[in-house]
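Student: Sequence:
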Amino acid sequence: MSEKKVALPTKMEEVEQGCVLYNIDPIVMKYHYEVDYIHSYAQDSPFFEGLTKGELKGSKCTKCDGTFATPRSHCMTCGAETEWMQLPLKGKVHTYTTCYFGGQEFLAETPFTLIMVEWPGVDTLFLSRLIGVAPEDVKIGMDIQAKFKRLSQFKPTDVYFVPT
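Using the UniProt record's numbering, read the sequence shown as starting at 1 and increasing by one per residue.
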């Protein structure tokens, strides 16, 4: 008895995926890409928790008393462990730049101003955004105050600064 063979496909199935060809030489394509990303802030978690409460937390060395405006588990100078410290909500613009291009999250806000915030008695600076002032009106030494997003995303962008 002869078995009947099932014909196998001889053509690959094709699906339109919505890619866009931008250039031929070299070929530049645009594809949509989406991914869920799970991560932990680990030892920096108290900093992000503080943002949800309207607090800025820095780090202080338990050995040499060095102070840092950003979370650090160990001192940059002597290597000793640090502890959390409260940063003031008012500071000064140490320096600034106006960004005319940004990543996906910031494109709608361009141009925007990035500042380095300084506080008396704190050895390092804090990077953040400054809003509520035109780029040409930003000045080094300008008095500023931290503001916090009401709907926290547990991101560094949950804090921003405005002129006082």
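Just to be clear, a hint being listed does not mean it is correct.
Within a straight-line C-alpha distance of at most 30 Å, the following computed DSS-like cross-link-like pairs (lysine-lysine) qualify [as the list claims (entries may be wrong)]: (1) K155 x K53; (2) K63 x K53; (3) K155 x K57; (4) K139 x K60; (5) K63 x K90; (6) K4 x K139; (7) K57 x K5; (8) K92 x K11; (9) K149 x K53; (10) K60 x K90; (11) K30 x K90; (12) K149 x K92; (13) K149 x K5; (14) K92 x K147; (15) K92 x K139; (16) K11 x K30; (17) K139 x K155; (18) K60 x K155; (19) K53 x K4; (20) K90 x K11; (21) K139 x K149; (22) K30 x K155; (23) K92 x K63; (24) K57 x K92.
If you are wondering where the hints come from, they were derived from the structure by calculation, not from laboratory data.
Student: Going back to the hint list, which numbers does this structure go against?
Tutor: 6, 7, 8, 11, 13, 19 and 20
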